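Asks: Could you put the whole structure together from the sequences, leaning on the hints where they help?
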Amino acid sequence: MSSDLIMCISLLMIVTSFVAMEWRNLPGAIYTYQVQSVLIALLLALYAYSLSNHYLYVWCATVLASKGIIIPWLLRRYVAKVHSEEVPPLLSATPSALLGLLVALLPFGWVFAHYDKLVISPNLAGEPFRMNLAVAAAILAIGFYTLLTRRDAFKVVIGLCLMENAVHLSLVSLAPFIPETALIGVVTDVVISVWMLLYIVAGVYRSLGSVDTFSLAKLRG
Amino acid sequence: MAESSLLIALFSVPALAAVVEYVLGKRSPDSAGRIAILGATATCGLAIAIANQVLHGLHLTALGQQLYADGLSALLALIVSVIGLITTIYAYSYLRHEVEEGRISRERLPLYFVLTLVFISTMAAVTVTNNLIMMYVLVEATTLASALLVTYYWQPESLEAGYKYLLLCSVGIIVGLLGCVVFYAAAVPFVGGSKAMLITEVMKVSSRFPPAVSLIAGALIIIGFGSKAGLVPFHAWLPDAHSQSPSPMSALLSGVTIKVAVYAVVRIASMASPAHSVLGTYCVVLGIVTMLVGILCAFAQTDLKRLLAFHSVSQMGYIIMGFGIGSYLGVYGGIYHLLNHTLFKSLLFLCSGALLYAHGTTNIHELSGKKHSPLVAVLFFVGALAMGGLPPLNGFFSKFAIFTAAAQAHLWWALVTALFTSFATMACLVKAGYEIFLSPEPAALSAPAFGSTAVAVAGRTGTKGCPAAMAVAMVTVALLVFASGFSGGVLNRLIDMSAKALVIR
Chain A
1 MSSDLIMCIS LLMIVTSFVA MEWRNLPGAI YTYQVQSVLI ALLLALYAYS LSNHYLYVWC
61 ATVLASKGII IPWLLRRYVA KVHSEEVPPL LSATPSALLG LLVALLPFGW VFAHYDKLVI
121 SPNLAGEPFR MNLAVAAAIL AIGFYTLLTR RDAFKVVIGL CLMENAVHLS LVSLAPFIPE
181 TALIGVVTDV VISVWMLLYI VAGVYRSLGS VDTFSLAKLR G
Chain B
222 MAESSLLIAL FSVPALAAVV EYVLGKRSPD SAGRIAILGA TATCGLAIAI ANQVLHGLHL
282 TALGQQLYAD GLSALLALIV SVIGLITTIY AYSYLRHEVE EGRISRERLP LYFVLTLVFI
342 STMAAVTVTN NLIMMYVLVE ATTLASALLV TYYWQPESLE AGYKYLLLCS VGIIVGLLGC
402 VVFYAAAVPF VGGSKAMLIT EVMKVSSRFP PAVSLIAGAL IIIGFGSKAG LVPFHAWLPD
462 AHSQSPSPMS ALLSGVTIKV AVYAVVRIAS MASPAHSVLG TYCVVLGIVT MLVGILCAFA
522 QTDLKRLLAF HSVSQMGYII MGFGIGSYLG VYGGIYHLLN HTLFKSLLFL CSGALLYAHG
582 TTNIHELSGK KHSPLVAVLF FVGALAMGGL PPLNGFFSKF AIFTAAAQAH LWWALVTALF
642 TSFATMACLV KAGYEIFLSP EPAALSAPAF GSTAVAVAGR TGTKGCPAAM AVAMVTVALL
702 VFASGFSGGV LNRLIDMSAK ALVIR
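Protein chains in written order, with the numbering used here: chain A, 1 to 221; chain B, 222 to 726.
Treat the hints as calculated values from the structure; they're not laboratory data.
For clarity, every value in this text was computed on a predicted model and none was experimentally measured.
Glycine included, every Cβ here is placed at the ideal spot set by N, Cα and C.
Fair warning: there could be bad hints in the mix.
For the chain A half of the interface with chain B, some residues (derived, Cβ under 7 Å), not all of them [as the list claims (entries may be wrong)]:
(1) Ala125
(2) Val191
(3) Ile192
(4) Gly203
Replies: As structure tokens, then:
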């Protein structure tokens, strides 16, 4: 059965979130994000196969196209115009990673323990859905934590992308039979929002010569 | 229930107009805005037609129940289209002046109108969608359509505002999406996969959801979509975005967009009926905190547009508090205040635009002692007093309804805070209005104080007055402020219908 593989990929996804958050080299972080997106697509394909749910194949393709190809490409294009080394974050790597671990573990544990109360549909009970939702909660928390503690605007955007990945992942447990039209709408929104954020960040860089979000607030004087 | 293609037309007409505007704008930037006004007028007509049918007791649906309109949808559609039209007419003159002043290039003019039409179209679609996931898609689409309008001047400050706006709203709305999905997942066992997406269907079975699910999903919705409505703690984007965008866009953002977000909150969170008392209390507390944070920050502002934006945060507190109380009167007051805030806040932002037009600044100290158009002064005070809650104006009635509801629910702490905020709002706005319009000019300090100021105001026409289109737009909104306060009539029946639909299910 593929459930071992699913577990393995789920855990890898948490690892990639941490790497994407902590890797100061921006192209490296983007690469890690891309790996995570491909892993999600792979996971969706595995679910589709083991549950024989053909919806999930369509889903897998949209994730691969949007998050595996388009968003990393956009990120790379805009980062190349600016710099490759992140503006140093608030905390140095070790305390940040430790705090991040705590931030990720709490929602993970909570969802893992209360899964039965959250998802009442009988055919979504138990594994692998429980693990999946818990992992999604952990990645959501890591993304939010990235968003709050990083100074580099590009890293903040990567944090947003991690959160979006988490929500996408959670749909597997919560809504595996979601219609394609809704899904395409969601994915389109995500791609456009990331693109527009990058466009505005590039504008900020051109007028200020920096993408440090903390210096933005100072500008107001 | 009645099939009606009006609902499809409501958002496709402005979308089509956007395409035409884009094509024509490429060819000749000077014609920019004409198609937009036409498109917005047509949208207005459609909204009125929808409201008319709803008032006859019909619930409209379209596209196999994917679209749905009841009293609340009709009211919001009216708000979106009427204020959309008025701000577009205003912008037609206002932005041409900006071009003359050299703040924007002529080629950027059509962009504003194209994006406004897209913006109106997405907001109109939010008001009639009946699909849980599409609600997320469309609310996010309103953010995307308006982000480039916030950064329209492409200055460092407006870029910062746009960055914050896009980031905070996107993050918030993703959380909202999670809430929508939790509701969807909870509804699947009861109504089946295809119907669980429809808000009206989920509503029917929502009382059977486990309380934990309702609570979590409701909280996610309130936090998520609430960030777009400017509720604390994710309100930080609002003052920046509303003050940095061009003035007609500030009026549209502050008057309409945050209301559309509240609409999304109310529509979806009202499914969480089993957990209502907890969520209701949460909303009341959230409302109180929001109104206090808003009013305290407002006092510290020296820029008129930022001051008004913080008042928007504060007034959103009243609306969410009204819904949180949950009784008929509370919900009625919430919806009524939502309508009233739309009107007087649009009016105030349009007035601030007229000041910017005449003097090139919105700084209160710099405006003080300059010659102002008497029309703008009068209209500003109409808006300010309405927001402060002076009796015969509309703000008084809606706030009074919320206060009474709070008293009936024995929420004395909430009542006292809300009353305090109301007086503080009045003080803050009257102070700003006095400094700008009535404080004697440095040269005329020796003149006797009050009687002469009226003469002085009337005599201050030396500076450029505002063009007819802007004046007409402002006067129309002011008349609507009076109308919504004095006449019960049509609006009252729409509010009554929406409040009943939300309370009695």
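Asks: Does each hint hold? Answer for all of them.
Replies: The hints, checked one at a time:
no.: 1; hint: Ala125; in the structure: 11 Å, violated
no.: 2; hint: Val191; in the structure: 10 Å, violated
no.: 3; hint: Ile192; in the structure: 5 Å, holds
no.: 4; hint: Gly203; in the structure: 5 Å, holds
Comparing the model with each numbered hint stated earlier shows that hints 1 and 2 do not hold.
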